[in-house]
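For the record, the sequence lines run as chains A and B.
For what it's worth, the working numbering labels the leading residue of the first sequence as 1, then goes sequentially.
For what it's worth, the working numbering labels the leading residue of the second sequence as 1, then goes sequentially.
Hints listed in this document are in silico derivations from the structure and should not be mistaken for laboratory results.
Every residue, glycine too, gets a C-beta built ideally from N, C-alpha and C.
Any given hint could be a false lead.
According to the in silico footprint, chain B covers these stretches of chain A (three or more CB under 8 Å from chain B) [stated by the list, open to error]:
#1 107–119
#2 182–189
#3 216–225
#4 234–245
#5 253–266
Residue-level listing of the chains:
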Amino acid sequence: MAVPLLSVENLRLNYHTRQGLVQAVAGVDFEIRHREALVVLGESGCGKSSLAKALMRTLPRNAGEPQGRVLLEGEDIMALDEERFRREVRWLRMALVMQASMNALNPVVKVGEQVAEPLRVLRGWSGGRARERAAEVFDLVGVSTDFLNRYPFELSGGMRQRVVLAMALVTDPQLIILDEPTSALDVLTQASIMNVLKRIKREQGTSFILITHDVATSSELADRVALMYAGQIVETSSAAEFFREPAHPYAQMLMDSVPRLRQDTRPTHIPGQPPSLLDPPSGCRFADRCPSRFDRCERDPGAFRKGDRRRVRCWLHAGGSQLS
Amino acid sequence: MSQAASTATAAAGQSLVEVRDLRTWFELRQWGFMRLGSVKAVDGVSFALQRGESVAFVGESGCGKSSLARTLLGLHQPTEGDVVFEGQSMARLGRRAMRDYRARVGYVQQDPFGALPPFLDVRRILAEPLKVHGIGRSERERRIRAVLEEVRLSPADDYLRKFPHMLSGGQQQRVVIARALILEPSLLIADEPVSMLDASVRVEILNLLRGIQQRRELTLAFITHDLSTVRHFADRIFVMYAGRIVETAAVQELLDHPQHPYTQALLAALADPDPDNALDLREVPGGEAPSLLNPPPGCRFHPRCPKHMPGVCDIEDPPDFEPRPGHLSACLLHR
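If we strip away everything but chain A, and leave its shape as in the complex, we get:
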């Protein structure tokens, strides 16, 4: 079998806070193949953004050292020192578009220059050559090249988001991590940015990790879905399996909570709250809110294999072979 583009093994990340150690990412495993889009779905505080930051090494100061292995085409990039990671991996092979990053553009530098900058810094390209490439990616994300010489304040929110996407694309990375790329945008703008992403995936063969809480929008890009809850991935499935027949009780309840435009079923909410990550339960982390809980849930279920690439972290699916 071909080596996956990215494979993450038992990734753990803690934050040091005044109240104690917060286990934001508690042993996450997944893999992405070439040209694949993985959606990491989860509600706020489930650790999905921390996961992205750990992969890209853009963690805040109070974060501990991430543990586990991250293999990019078979090479352990967690083992690289910071300088090599900066020179060889970040931006060139893996790029990140952060939440609300459209507001993080430098207000006093023309957007064309900002998009060209990674090429000049990381690849040592001349200004002219980098600007030419910037014009190409502007085309790709649907921003007129007239805008190359504009400043961020002259652009609308949707345009700025496209520019940020262009920045991530300019070095032609194999993998782009998008953290809530459209959640601050309007419905129509959001739909047109999703169109851009679909086109890039199709035409450039880029792989994506799309991190979001928005179930409906996530289905626009997903080949596969990893659902996070309280720092763990509770289900990994293909998009077809996940959106049609979710397996984990949390996945099922989450799908039922999504209001639908074209179906008459009334959405229902999930009672209760996720556990504190300061002192998470030792058993299944969803057990307290789960309608199908039984005595085995006192113990951590681990991920059960269900079919070729499907994993479900729930005792109800213990029929499959256990992984960890």
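Add chain B to chain A, keeping to what the hints say.
Relative to the frame of chain A, chain B by itself:
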């Protein structure tokens, strides 16, 4: 009894709120004196809200929906037009009457944490409006407990002494709703009440609002950008675009038979979770919502409209047409 309330009895059967050709403009100046023109946030809006109905104002950011809400609340002075509440014109209200008016209209903000004072506990937060309206201590305590039960923060004793930061987002929003209800308003305006909350909590808060609205027979004006939540929580929809209402109908009617090209585009852009979504591109009209400083002439949607008729839509201002019974749409295609 307040003056507004006695007028209400006389006016029973009428609509609760009538808005007539309302305009709320904000003057834009540079360096404090150079007039650059006006941002026409609400620009000629008319509608009536009946007692006990739940309506949704749907539109994208910058369409004027929040300015409309704030004008209804009396926080912005209308530039033109009038709001008639329980038969009384808001333009002629004095300061006292305005205070009474504000007691009759509750407001649920978008960001619950920002809407709650961080240094007051839940009891003080809820007591404050009652004090302003001169309600005595024991009655205050009774009302606070009752309203906390109503928003399902029970037992009340667990919450009375908590500060906002000690509550979850959903609980904070319940406190905001409790505060909006405590003076027993007849109109509740909720501006994006769930957009800051997680998916699983959203439905809970919306169900709560809907339940309260039905039990109290309140008029609920629900402002949102999310059409998919509207379906189960409103009776009627107003679709807004660039400071105007472009389409109005009962919820099911509007979702099943959208008439205005803007509404059609909005519905086409919205996904339900479905793995097939990843297979095709969505149809999205190009361009962006126009500047409200200089809105385009004629129909404001014409520069983006796929059905744009040159020489018509860019000249004539579309009035409301009624292409289907009870269904209004401001588009010249219906002529």
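Status of each hint after checking the structure:
no.	hint	in the structure
1	107–119	violated (count 0)
2	182–189	holds (count 4)
3	216–225	holds (count 8)
4	234–245	holds (count 6)
5	253–266	holds (count 11)
Taken one by one, the earlier hints fail for this structure only at number 1.
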